[in-house]
Amino acid sequence: MNVSLTNLEACLALLAAWGGIGLAGMLRPRSLRFAGRTLFPLGALCGIAIAVGAAMHLGAPPESAVLPFGLPGMPFHVRLDALSSVFLFLLGSVSAAISVFSAGYFRQGEGTMPGLLCLEYHAFLASMGLVLLADDAYSFMVAWETMALSSYFLVTTQHRIPEIRAAGFLYLLIAHIGALAILLSFGVLQGGTWQFTFDAMRAAHLDPAWASVAFCLALFGFGAKAGLVPLHVWLPEAHPAAPSPVSALMSGVMLKTAVYGVLRVTFDLLGTQQWWWGLVALGIGLLSAFYGVIFAAVQIDMKRLLAWSSIENIGIVFTGVGLTIVFKGAGLVQLAALALIATLYHCLNHAYMKSLLFLGTGSVLHATGERNLGRLGGLIHSMPWVAWLTLIGALAIAGLPPLNGFVSEWLLLQAFLFAGDIPHTFVNMLLPVGAAVVALCTALAGYVMVKFYGVIFLGQRREAALSSAKDAGVSERLGMGVLALGCLVLGLVPSQVIRLLDAAARELLQIPEGHWGAQWWLLAPSATRHASYGPLALFALLLLTLLLAAYGVRLLYRRRVRRSAPWDCGFAAMDARMQDTAEGFGQPIRHIFEPFFLMTRELPGAHDQHPVYRVTVGDRIWRLLYLPLARATHATANLVAHLQQGRISTYLTYSFVTLLLLLAFVL
Amino acid sequence: MTPLSAATQLLEVVSATLAAPIFLGWVNQCRAWLQNRTAPSVLQPYYGLRKLLHKDAVLAENASPLFRAAPYVVFGTMVVAAAIIPSMGTGLPMSAAADGIALVGLLATARVFLSLAAMDVGTAFGSLGARREMMVGFLAEPALLMILFVAALISGTTSLPLIAEGLSSHALGLYPSLAFTAVAFVLVLLAENARIPIDNPSTHLELTMIHEAMLLEYSARHLALMEWAAALKLFNYACIGFALFVPWGAGNEAAGPLGLLLAVPLLALKLIVAGAVLALIETLSAKLRVFRAPEFLATAFLLAVLGLLVHLLLGA
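Respectively, the protein sequence lines represent chains A and H.
Quick note on numbering: the first sequence equals residues 1 to 667 in this note's numbering.
Quick note on numbering: the second sequence equals residues 1 to 316 in this note's numbering.
Treat the hints as calculated values from the structure; they're not laboratory data.
Here the structure is a predicted model, which is why all the values come from computation and not from measurement.
Idealized CB from N, CA, C, for every residue including glycine.
Any given hint might turn out to be false.
Stated by the list, open to error - To be clear about the criterion: a stretch of chain A counts as covered by chain H if any three or more of its residues have a C-beta under 8 Å from a C-beta of chain H, and this derived list gives those stretches:
| id | stretch |
| --- | --- |
| 1 | 431–442 |
| 2 | 555–568 |
| 3 | 575–581 |
What the hints assert, rightly or not - Computed far set for chain H versus chain A, every beta-carbon distance over 12 Å:
| id | residue |
| --- | --- |
| 4 | SER15 |
| 5 | VAL273 |
| 6 | LEU288 |
Sequences are here, hints too, so could you generate the full structure?
Printed below as a string of structure tokens:
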């Protein structure tokens with residue numbers, strides 16, 4: 001590599017390399033070996049290089065450049081600053097692990113040809129990178145649309161199945177409604193200058209009403225991509241439809257580009273923020289978190305469960321965004337930095353843990369051919385690697401110390417605890433209730449993960465065929481192993497990670513360096529209040545007590561361990577059908593939060609020969625919002641259809657009338 | 001870390017681990033007296049542990065390594081939790097590494113491992129117990145967090161020893177917000193420690209049990225560790241309660257070694273009273289149906305949130 005290459009140029013070159021790798025796939029489109037053995041590992045190397053480059057750039061001044069292509073008079077502007085670097089690091093590192101996994105994952109004869117899949121995959125990665133680097137509305141929208149389209153094709157890899165095509169269409173539709181809102185938001189942001197570079201938008205001073213319009217449009221548009229309630233409906237459809245590495249990329253990385261977009265528009269392009277925007281984001285975030293987690297608890301499809309869990313986590317991220325805006329609007333910048341860092345940290349955490357879980361479901365799916373939790377079970381015996389690696393992801397996402405999910409939860413709760421400093425009585429009364437909702441969601445996430453892990457990997461096999469399930473191959477293990485290691489590292493050395501994130505927070509909020517505690521192993525976000533968390537020491541003590549307990553037991557009592565049939569209160573005729581099912585495990589949630597679910601129960605009559613019990617859980621928002629909208633659209637389309645007569649003379653009349661009207665308008 | 005704080009830390013961990021079963025024995029003894037039964041000795045839990053540790057362990061054929069590891073993890077997390085709760089002294093070096101939020105996280109870790117282990121063998125009772133335990137847990141955990149939040153807001157820190165110090169500098173008599181949270185805390189304590197009215201620690205009636213259902217497949221040393229961990233959990237909860245609601249008398253740097261020595265009998269006194277009160281509550285209440293448990297815990301959660309709002313309204 002040329003020494004004089006700047007970080008920005010290096011990143012662009014690597015994005016181009018991703019594009020090149022994708023195109024190379026088309027050289028031998030039917031060869032799985034070529035794509036799997038050569039191209040995906042190369043893509044992973046690019047990912048690592050991007051992550052390294054982005055991490056090195058953190059703390060350095062922003063770099064920008066104008067690319068020699070684009071429309072005439074509208075060249076692409078790119079810029080690499082600390083916020084882009086954080087998200088580029090996320091993209092590079094997580095996608096590297098997913099690419100390594102993908103190298104061994106895709107099989108011959110599943111839908112799209114491997115070479116084409118490779119092109120779509122790398123185009124998806126490169127366009128996400130370009131979204132993060134774009135510095136004008138035009139290149140941003142080009143990259144954003146490329147991202148949406150390439151991911152649409154990836155979702156519909158198995159396009160012969162009608163449900164998958166329908167899921168893909170829903171995704172594309174909502175992605176485009178969102179993109180329209182983003183486009184309109186940029187239209188407002190340029191503030192009458194008609195300059196669409198981000199620099200011009202930063203310089204434009206909007207009056208508060210227009211700034212609010214821009215913010216709301218951006219929240220709507222990016223919220224559609226992120227899966228905020230009520231725009232979440234595509235997520236539980238698209239994630240199960242997509243191949244697992246693609247689900248991992250979409251959930252782990254693509255949703256974060258939407259968070260990036262909101263942060264970019266709110267804190268960078270809009271100069272000043274009004275604190276009530278924060279309340280809007282906070283409210284929607286909390287609603288999404290709660291709605292997502294209770295629906296995750298009642299799912300019976302493992303990938304759908306993870307998709308709902310992504311809605312929950314995105315909700316928590318937007319709660320953090322909202323809190324940041326509230327603090328910033330109230331003039332408490334240090335607290336805003338704390339909330340922003342909690343947000344960024346949770347983005348990073350969720351990327352690692354959710355990708356890990358999706359990859360785990362991919363391996364399970366390949367080994368068993370089942371997504372339905374009711375036909376899995378006991379896989380810890382036949383697939384130990386996948387089981388233990390997935391356990392790390394499940395514990396992390398349940399927010400248990402000393403793993404990474406807990407760190408961002410801790411930071412966010414600390415930020416909530418400081419809310420009393422806000423000079424609006426109403427707000428600082430409201431915020432602790434928000435903290436209660438976050439606490440409830442985290443606890444429910446634990447419930448969801450016990451269900452997810454327990455039903456898939458523990459217990460007895462619910463189907464006899466599961467005993468022949470094979471563990472994942474080497475590259476799949478390696479990909480998952482890297483992500484699991486990431487979960488551990490992000491959990492154990494939070495102060496190091498925060499030093500890096502702090503650069504982005506300072507740049508975005510324009511404040512001097514924050515206070516992050518004197519000791520390197522201790523996380524202490526505030527000088528005035530004593531609150532600290534040292535996961536390394538905690539982990540060391542935990543290990544020590546574990547070893548002491550094991551040693552003590554071994555030292556004192558050298559008794560045998562015998563194996564025998566399960567005790568089960570002496571009940572001998574136990575079989576796998578007597579275990580709790582996924583439906584059964586969700587029952588308390590269905591019972592407690594009944595008003596939120598649209599449930600249809602099918603119960604047998606007294607004299608049924610083959611009694612069937614079934615409960616299906618639907619989404620009320622679908623019935624209340626989307627179906628009426630769809631009907632209204634249909635009705636409007638029918639009205640418009642009256643114009644279509646099929647006679648050429650009528651159409652000529654339409655043209656004539658239009659011309660007359662336009663003439664009248666011009667004159 | 002001063003020698004005194006190191007000594008406090010060591011004394012707390014060791015004494016909590018060793019003394020936890022005796023507290024359980026005391027509660028059981030009081031319960032027996034109140035129910036006009038002949039009481040077992042307070043040392044009965046130790047006899048039970050000794051008996052279990054001397055037996056051969058029987059594992060189910062399809063038990064995975066997770067099942068064998070879980071007792072150690074659950075026991076270990078409870079010991080670590082004991083290390084950060086200021087029961088005798090407030091100079092705890094470990095409390096810098098884990099504050100009140102981390103304590104709630106540690107308790108959740110133990111709960112998740114216990115539930116996963118219960119699902120491992122794949123019996124009907126095990127997974128039923130795991131489901132119910134998680135149901136109780138997801139409502140009790142945020143309630144406990146809110147209780148700690150009230151105390152944290154009053155004293156301006158989430159570190160448990162500093163909360164205890166801050167609250168003990170206040171004159172005798174409760175803060176109004178803490179009165180609400182105290183009630184909530186008792187409810188959470190009952191639910192989290194498998195006591196009546198949520199669960200009955202001495203039942204083996206399958207329709208009602210939660211905690212016992214999860215331990216059915218355990219035997220010998222694994223069961224001993226699980227039961228010890230349960231006793232330690234009760235002890236820990238009692239000490240959290242003392243730190244929040246009767247924090248007076250814990251030793252600190254200012255009081256010196258003598259203060260620490262005085263704190264030991266004071267803690268014993270608090271435990272004796274708390275154990276008797278706990279037994280009284282259990283004897284006076286009837287076991288709730290499992291489906292009523294969410295209402296019970298939602299009450300606790302709402303009381304804690306109410307405490308929070310009272311604190312914000314009154315500033316006390």
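Against the structure, the hints come out as follows:
Under a criterion of three residues with beta carbons nearer than 8 Å to beta carbons of chain H, the stated coverage of the stretch 431–442 of chain A is upheld, 7 such residues being counted. Using a Cβ-Cβ cut-off of 8 Å, 12 residues of the stretch 555–568 of chain A lie near chain H, which meets the minimum of three, so the contact claim holds. Given as covered by chain H, the stretch 575–581 of chain A passes the check, having 4 residues with a CB less than 8 Å from a CB of that chain where 3 are the minimum. For H/SER15, the requirement that its beta carbon stay farther than 12 Å from each beta carbon of chain A is met, with the minimum near 15 Å.
For H/VAL273, the shortest C-beta to C-beta distance to chain A comes to about 29 Å, beyond the 12 Å cut-off, and the non-interface label holds. With a least beta-carbon separation of about 14 Å from chain A, H/LEU288 lies farther than 12 Å from that chain, consistent with its non-interface assignment.
In terms of the numbered hints stated before, the structure departs from none.
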